[in-house]
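2 protein chains.
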Amino acid sequence: MNNFEYYNPTRIIFGKDTHNQAGSYTAKYSKNILLHYGSSFVKQSGLLDKIKSSLDKANVNYTELGGVKPNPRLSLVHEGISICKERKIDFILALGGGSVIDSAKAIAMGVLYSGDVWDFYMGTSQPKKALPIGTILTIPAAGSESSTGTVITKEEGDLKRAVNSELLYPQFSILNPELAYSLPKYQVACGATDIMAHLMERYFTNTTHVSFIDRLLESTMITIKNTVPKLLKNSNDYDAWSQFMWAGTIAHNNLLNTGRVGDWASHDIEHEISGIYDVTHGAGLAVVFPAWMKYTMKHDINRFVQWASRVWDVNLDMFDLEGTACEGIRRLEEFYHSIGLGTRLIDLNIKDDRLQEMADKCTSNNTKKIGNFVSLDSHAIYEILCLAQ
Amino acid sequence: MNNFEYYNPTRIIFGKDTHNQAGSYTAKYSKNILLHYGSSFVKQSGLLDKIKSSLDKANVNYTELGGVKPNPRLSLVHEGISICKERKIDFILALGGGSVIDSAKAIAMGVLYSGDVWDFYMGTSQPKKALPIGTILTIPAAGSESSTGTVITKEEGDLKRAVNSELLYPQFSILNPELAYSLPKYQVACGATDIMAHLMERYFTNTTHVSFIDRLLESTMITIKNTVPKLLKNSNDYDAWSQFMWAGTIAHNNLLNTGRVGDWASHDIEHEISGIYDVTHGAGLAVVFPAWMKYTMKHDINRFVQWASRVWDVNLDMFDLEGTACEGIRRLEEFYHSIGLGTRLIDLNIKDDRLQEMADKCTSNNTKKIGNFVSLDSHAIYEILCLAQ
Numbered sequence: 591m592n593n594f595e596y597y598n599p600t601r602i603i604f605g606k607d608t609h610n611q612a613g614s615y616t617a618k619y620s621k622n623i624l625l626h627y628g629s630s631f632v633k634q635s636g637l638l639d640k641i642k643s644s645l646d647k648a649n650v651n652y653t654e655l656g657g658v659k660p661n662p663r664l665s666l667v668h669e670g671i672s673i674c675k676e677r678k679i680d681f682i683l684a685l686g687g688g689s690v691i692d693s694a695k696a697i698a699m700g701v702l703y704s705g706d707v708w709d710f711y712m713g714t715s716q717p718k719k720a721l722p723i724g725t726i727l728t729i730p731a732a733g734s735e736s737s738t739g740t741v742i743t744k745e746e747g748d749l750k751r752a753v754n755s756e757l758l759y760p761q762f763s764i765l766n767p768e769l770a771y772s773l774p775k776y777q778v779a780c781g782a783t784d785i786m787a788h789l790m791e792r793y794f795t796n797t798t799h800v801s802f803i804d805r806l807l808e809s810t811m812i813t814i815k816n817t818v819p820k821l822l823k824n825s826n827d828y829d830a831w832s833q834f835m836w837a838g839t840i841a842h843n844n845l846l847n848t849g850r851v852g853d854w855a856s857h858d859i860e861h862e863i864s865g866i867y868d869v870t871h872g873a874g875l876a877v878v879f880p881a882w883m884k885y886t887m888k889h890d891i892n893r894f895v896q897w898a899s900r901v902w903d904v905n906l907d908m909f910d911l912e913g914t915a916c917e918g919i920r921r922l923e924e925f926y927h928s929i930g931l932g933t934r935l936i937d938l939n940i941k942d943d944r945l946q947e948m949a950d951k952c953t954s955n956n957t958k959k960i961g962n963f964v965s966l967d968s969h970a971i972y973e974i975l976c977l978a979q
Numbered sequence: 591m592n593n594f595e596y597y598n599p600t601r602i603i604f605g606k607d608t609h610n611q612a613g614s615y616t617a618k619y620s621k622n623i624l625l626h627y628g629s630s631f632v633k634q635s636g637l638l639d640k641i642k643s644s645l646d647k648a649n650v651n652y653t654e655l656g657g658v659k660p661n662p663r664l665s666l667v668h669e670g671i672s673i674c675k676e677r678k679i680d681f682i683l684a685l686g687g688g689s690v691i692d693s694a695k696a697i698a699m700g701v702l703y704s705g706d707v708w709d710f711y712m713g714t715s716q717p718k719k720a721l722p723i724g725t726i727l728t729i730p731a732a733g734s735e736s737s738t739g740t741v742i743t744k745e746e747g748d749l750k751r752a753v754n755s756e757l758l759y760p761q762f763s764i765l766n767p768e769l770a771y772s773l774p775k776y777q778v779a780c781g782a783t784d785i786m787a788h789l790m791e792r793y794f795t796n797t798t799h800v801s802f803i804d805r806l807l808e809s810t811m812i813t814i815k816n817t818v819p820k821l822l823k824n825s826n827d828y829d830a831w832s833q834f835m836w837a838g839t840i841a842h843n844n845l846l847n848t849g850r851v852g853d854w855a856s857h858d859i860e861h862e863i864s865g866i867y868d869v870t871h872g873a874g875l876a877v878v879f880p881a882w883m884k885y886t887m888k889h890d891i892n893r894f895v896q897w898a899s900r901v902w903d904v905n906l907d908m909f910d911l912e913g914t915a916c917e918g919i920r921r922l923e924e925f926y927h928s929i930g931l932g933t934r935l936i937d938l939n940i941k942d943d944r945l946q947e948m949a950d951k952c953t954s955n956n957t958k959k960i961g962n963f964v965s966l967d968s969h970a971i972y973e974i975l976c977l978a979q
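If you read the protein sequences in the order shown, they are chains A and B. The working numbering puts the first residue of the first sequence at 591, with every later residue one more than the last. The working numbering puts the first residue of the second sequence at 591, with every later residue one more than the last.
Source of the hints: derived by calculation from the structure; they are not laboratory data. Heads up, a few of these hints could be off.
Treat identical chains as interchangeable: a pair holds within one or across any two.
What the hints assert, rightly or not - Straight-line distance between alpha carbons at most 27 Å, and here's what the computed BS3-like set of lysine-lysine pairs gives: (1) 884 with 941; (2) 718 with 618; (3) 959 with 647; (4) 621 with 647.
Every value quoted in this text rests on a predicted model; they were computed, and no experiment measured them.
Model the full structure from these sequences, guided by the hints.
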């Protein structure tokens with residue numbers, strides 16, 4: 591196990607009706623906030639009105655900024671920063687899924703920075719301070735409600751980049767599984783894929799003597815695997831949603847990477863796909879991960895065998911380790927298919943004409959490598975994308 | 591799953607040589623601290639000197655207060671409070687195991703309170719503020735390094751009582767598994783028993799639809815079960831110690847009771863035993879828990895069967911659930927024996943003459959019940975103590 595530092599101060603308020611406490615929790619931080627959200631869905635469902643009513647009751651003044659799209663855009667972040675500066679707003683309440691929360695985090699950093707917030711995403715500057723934010727989660731997927739991360743897409747150049755900083759932990763996150771009842775099945779499936787990917791990125795490591803966290807990761811993967819079919823069958827299954835939602839937060843709150851180095855190549859590759867084709871992150875991951883596994887499997891066959899056996903209940907054959915590992919990957923693909931997702935680029939309407947371009951962008955024209963479990967250059971990424979065809 | 595709030599802001603600094611950072615982390619909070627510790631062991635091992643040297647380098651002024659005993663005493667807490675008030679100390683650094691940390695937490699509450707700190711333990715007053723504390727953990731067991739709890743014994747009346755408050759989360763805790771290398775085997779075993787008990791108290795619940803946290807609890811129990819024999823065989827096994835130590839913290843940092851109600855009767859019963867007989871907490875738990883299980887097993891045989899099968903690898907017999915559960919309890923007892931602990935009151939030199947007294951104290955003379963999984967009155971506790979004979 592490696593040395594590590596673990597710190598996560600986000601307060602989680604979990605359960606039925608908890609969204610009605612948005613106002614009282616927000617009021618502890620500010621009376622003048624930005625209320626940030628995405629699609630018209632929160633309006634139509636009446637959720638936005640409920641949150642506004644809760645804010646009103648707590649005498650919190652809010653300025654609305656909706657319109658966040660999946661793969662949240664830098665232009666809207668800039669707009670949010672201007673609004674906050676103009677109105678002296680000092681707290682952001684994000685109502686939505688990972689895209690809305692990531693956009694809120696970007697605005698929170700940008701308001702207190704004299705340069706362009708995109709500097710942080712390009713790594714040319716480090717955030718020193720950020721406004722506090724709170725979240726009301728509507729889509730279990732990205733884990734951003736209790737993570738240090740934000741991912742933003744810059745329209746010019748189709749660049750999708752991430753920032754990680756302790757400053758970005760939300761002060762509080764309200765998680766009411768009931769808010770997820772009306773999610774479209776496709777979005778539920780993409781969320782499940784995203785959560786599963788967060789767990790697998792951490793699981794496939796070269797760090798040794800990490801059996802404790804291995805087991806916690808496996809337990810969380812099994813929870814996702816077991817609950818998604820229930821959600822898709824009955825979208826009002828509170829008990830399944832509550833397990834799923836809490837597992838989704840734990841998957842990405844930094845606990846499950848303590849003492850180990852995760853891989854993250856599949857995320858990097860998927861960011862190139864969704865940066866260009868604007869596919870849903872989870873749908874892209876369902877395509878990239880199995881291909882990545884087929885390419886890297888032999889690097890540590892024992893780890894793949896353990897994963898296949900413990901998570902996917904593959905019958906262990908110690909005299910055919912590769913067969914055991916392959917069956918695990920097959921079951922992962924089968925899982926994706928069972929929840930309605932494709933596992934090939936063609937399922938995302940992606941032809942082969944820009945594979946090399948994505949491999950090159952991902953490695954800054956082959957000047958850097960990605961992935962920690964197996965280090966990948968542009969050529970290796972191209973091969974993985976070919977395996978995904 | 592129940593609604594819940596989860597919040598744990600303690601920063602964990604984990605790994606080799608991390609104790610050398612005690613000074614720099616402490617200096618972020620104060621330059622005038624109480625350095626609190628226990629036995630002469632930290633002196634003899636040279637650890638105390640290393641911590642002092644680290645504090646000196648960071649220009650932190652410290653007043654020493656050693657002498658904390660297992661089952662930490664109120665009288666020393668009072669002494670600590672006087673010292674802090676007198677010297678205007680505003681931060682406490684605890685160097686030791688759960689007893690030292692619990693003592694530090696008590697002092698931290700008492701310094702900022704006009705009444706007697708024991709009021710908080712008797713529940714006649716609630717803490718409103720407390721000094722910040724930091725810890726350097728030397729004994730993986732109590733989990734106090736990242737918990738809200740403190741347990742103190744008042745000498746007059748042999749009263750052992752607990753306080754829980756968010757104010758008591760340490761600001762930081764330094765966990766270096768190497769510091770545990772020289773622990774006596776008996777103390778390692780008692781620590782393992784304490785950790786196992788924290789997990790079992792949470793596991794045995796009447797809350798339904800808690801499979802995610804069930805699995806995390808099972809994973810943590812398996813980790814303890816698998817690592818202790820390695821530690822006892824080779825006390826310098828860093829890899830085993832690191833898994834064990836981190837699992838011990840996670841076992842009690844409130845994550846694993848999210849959304850469920852734990853039992854805690856065994857802890858209450860053990861507190862009466864160690865309050866009177868001054869036995870080590872973990873040794874007392876090894877006696878109480880199997881007896882408690884035999885008494886409560888039939889209340890939810892399925893939960894015991896799941897635990898026996900998943901944690902203790904008992905071969906599942908769906909046509910003899912009771913036999914499967916009993917075999918799990920037998921393996922738990924076998925585990926305790928294998929690490930050198932007894933599972934009967936006589937092993938603690940406790941005869942039967944004060945069993946009724948303990949049962950009565952535990953229930954305030956049968957005016958209240960304890961335990962959430964099964965509610966126990968004085969008579970039931972007496973029966974459990976008889977089963978432990």
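- [ ] With 27 Å as the alpha-carbon cut-off, assign the pair residue 959 and residue 647 to within, between, both or neither.
- [x] Close neither inside one copy (52 Å) nor across copies (40 Å); limit 27 Å.
Open item on the list: At most 27 Å between alpha carbons: which applies to residue 718 and residue 618, within, between, both or neither?
Closed with: both (23 Å within a copy, 17 Å between copies)
Open item on the list: As a check of your reading, is residue 884 near residue 941 (CA-CA no more than 27 Å) within one copy, between copies, both or neither?
Closed with: For residue 884 and residue 941, only the intra-copy Cα distance (20 Å) is at most 27 Å; the inter-copy one is 64 Å.
Task: Identical-chain pair category, residue 621 with residue 647, by Cα at 27 Å - done: For residue 621 and residue 647, only the intra-copy Cα distance (11 Å) is at most 27 Å; the inter-copy one is 43 Å.
Against the hints set out earlier in the document, a violation occurs for number 3 only.
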